[in-house]
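Novice: Produce the entire structure from the sequences given, and follow the hints as far as they go.
If you want the building blocks of each chain, they are given just below.
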Amino acid sequence: VEYFLNEQQQMVKELARRIAEERILPVRAELDEKEEFPWEIIKELADADMFRVFIPEEYEGLGGGCFDLCLVVEELSRVCGGIAISYAADALGCLPLLQFGSDEQKKKYLPDIASGKRLAAFALTEPTAGSDASGIKTSASRQDGYYVLNGTKQFITNGGEAEIYVVITMTDPAKGIRGGSALIVEKDTPGFTFGKKEEKMGIRSSATRELVFRDCRVPAENMLGREGTGFIVSMKTVDRSRPGVGAQAIGIAQGALEAAVDYAQNRIQFGHPVSSFQAVQHMLANMAMELEAARVLVYSAAKTIDSGAKNFTEESAMAKVFASDMAMKVTTDAVQVLGGVGYMRDYPVEKMMRDAKITQIYEGTNQVLRNEIALALMKRKGMRE
Amino acid sequence: MNVVVCIKQVPSTNKVKIDQQSNTVICEGENIINPFDTYALEEGIRIKEQYGGKVIVISVGPPEAGETLREAIALGADEVILLSDPAFEGSDTLAISYILSKVISRIGEFDIVICGKQTMDADTGQVAPQLSERLGIPFASYVSKIEEIKEGYIQVQRMVDEGYRVIKMPLPAAITVVKEINVPRLPPLRGLMMSKKAQIPIWNAQELGIDIDKVGSSGSPTRIIKYSYPEKASGGEMIQGDPESQVDQLVERLQKII
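In order, the protein sequences belong to chains A and B.
Using this note's numbering, the final residue of the first sequence is 385, and nothing's skipped along the way.
Using this note's numbering, the final residue of the second sequence is 258, and nothing's skipped along the way.
Check each hint, because a few of them may be wrong.
Coverage of chain A stretches by chain B, computed from C-beta distances (three or more under 8 Å per stretch; other residues unrestricted) [stated by the list, open to error]:
{"id": "1", "region": "5–15"}
{"id": "2", "region": "42–55"}
{"id": "3", "region": "115–128"}
The list that follows gives simulated cross-link-like pairs (lysine-lysine, PhoX-like), each with its CA atoms no further than 25 Å apart [unchecked claim]:
{"id": "4", "chain 1": "B", "residue 1": "179", "chain 2": "A", "residue 2": "43"}
{"id": "5", "chain 1": "A", "residue 1": "379", "chain 2": "A", "residue 2": "310"}
{"id": "6", "chain 1": "A", "residue 1": "43", "chain 2": "B", "residue 2": "145"}
{"id": "7", "chain 1": "A", "residue 1": "43", "chain 2": "B", "residue 2": "48"}
{"id": "8", "chain 1": "B", "residue 1": "197", "chain 2": "B", "residue 2": "48"}
Just so you know, these hints were derived from the structure itself, not from any lab.
Virtual Cβ for every residue (Gly too), placed ideally from N, Cα, C.
Specialist: Right under this line is the structure:
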């Protein structure tokens, strides 16, 4: 399928693939095994200007949009979903700054993010708040020129490794979700520490940690947008980031499909390569079809966002849900095509299956996103009547 | 510190063809920077980053070879020059070193000339030593590490069979490098974008003041008489028995040969 990439997008995609194949492929299994954060690869990505892709030119970026970001995430994920998410989570942390940051805040943080000097992260989830964002308990009370933070964020991607965090807090708990606010918190702020690093099923080279705030004083000028808009910031951020999760899913699935096709052509049973058996052929054909359908949906959602559309919650959710369900299915089938070998850690597909699972869970579970899609359907029906 | 890096465009490894008439390598289809030259370019850029100055990359080849120079710009070369003239076609190493020496003496001040240890199409490894001879500067081949550059000297480690030899040479000097010297970087996106728009200057024989009789097929004394493929080893013999007796048998065979 021809996706009409412009010259810059073609270049971005090709270079991302080169980095993935030349630098990530040789180390992915070891980083997964050791659960080691890929700092060397992050440095390579920074040197190659990959963190500039999604940042406007005025802040030392390359001015690309959601689609450009998706191309990079897809290519990195094709080789390693864990390393790709460390990159994508930086973009996630950057999105609220891009949308809601003042010019001063943008000037202060974006050039460092663009150069890869500092990683960003986004912190919403808490022990009592996931799909239900109103369960947030981390408080931020105004005192003099500061907000004083208390509370714990959970499962934060890039936690401990990133230096710039956008943290969703409650500035006025009495107001419920209208009492939430987004604050920029820098790593070395007193009172801000990290909990244990989580041990995960997949995306194991990425870092997932607790953020712990104990009387952590953050300058009032670090408020992102207005006080009370924290939940709007969150919703608008994930609306934009979900195609990125979709891109991660199609990348992982692409890697799995390629591995399955390669293996099927080389594995001889009953005197023939297993790729000559119709049962295997149909599996591969279904994998390829579903993958391409997901790719079309993810790219369309990304291009809708880049077109300047106002509301794309539905498109964005559809792309994430469809692509992540597809990735789980395609990677499971890839393990099946490889058979016993597919289950072994010497081959890459079991890792791809483990990595795929998270895409159905984070940035909105596929269940809660189906609710959103359904809600949009009902709303439209209401508007027609 | 001004560094001149010489690179060559070569056919991508898996697509090499030999011209049956002239017994030379045909350069058609997908081309790349000679892999050994990528280490030369990387080392040149590292010298610039450490000591300042600039990196000038030169290449002799057809107009299409400008694309490999574009990649050099993306990687960090400050200036590139393509030396291209129909009269250069069929030049051997002696003629190429003559062309390169002409352009280097025109560039002005330079401190170090770096080349890859050999090209992977012709594999001679002769151009760099011939070039240093023509320029009248000291030369070290198979350099695996630059130890230091200061006070008009360069000190390098040169790979030899039994280890390495440390050599100190006055500048300007020329070296060829081996792949152990570094891991070449990937081109950054901003560099790639800049390189797409860059103009690649082309210098021809006349501009270089080149004596046409000394270049091209007619100006090249080298004649390739014959190409042959190595004989394929066939069969082999499996030594039978348990590991201990296998080793005994193997040692016995080896002793006979020695």
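Novice: Each hint: holds or not?
Specialist: Cross-check of the supplied hints:
With a threshold of 8 Å between beta carbons, the proposed coverage of the region 5–15 of chain A by chain B holds, since 5 of its residues qualify and at least three are required. Residues of the region 42–55 of chain A with a Cβ under 8 Å from some Cβ of chain B number 7, which satisfies the need for three, so the listed coverage holds. Coverage of the region 115–128 of chain A by chain B is violated in this model, with 0 residues showing a Cβ closer than 8 Å to a Cβ of that chain against a need of three. Only pairs whose Cα atoms come within 25 Å are accepted, and residue 179 of chain B paired with residue 43 of chain A is accepted, the gap being roughly 22 Å.
Between residue 379 of chain A and residue 310 of chain A the CA atoms are separated by roughly 16 Å; this keeps the pair inside 25 Å, and the hint holds. Taking the CA atoms of residue 43 of chain A and residue 145 of chain B, the gap is near 23 Å; set against the 25 Å cutoff, the hint holds. A C-alpha spacing of about 20 Å is found between residue 43 of chain A and residue 48 of chain B, which places the hinted pair at or below 25 Å, so the restraint holds. Taken as a hint, the residue 197 of chain B and residue 48 of chain B pair is honoured in the structure, with Cα atoms around 23 Å apart against an allowance of 25 Å.
Checked against the numbered hints given earlier, the structure breaks only hint 3 and satisfies all the rest.
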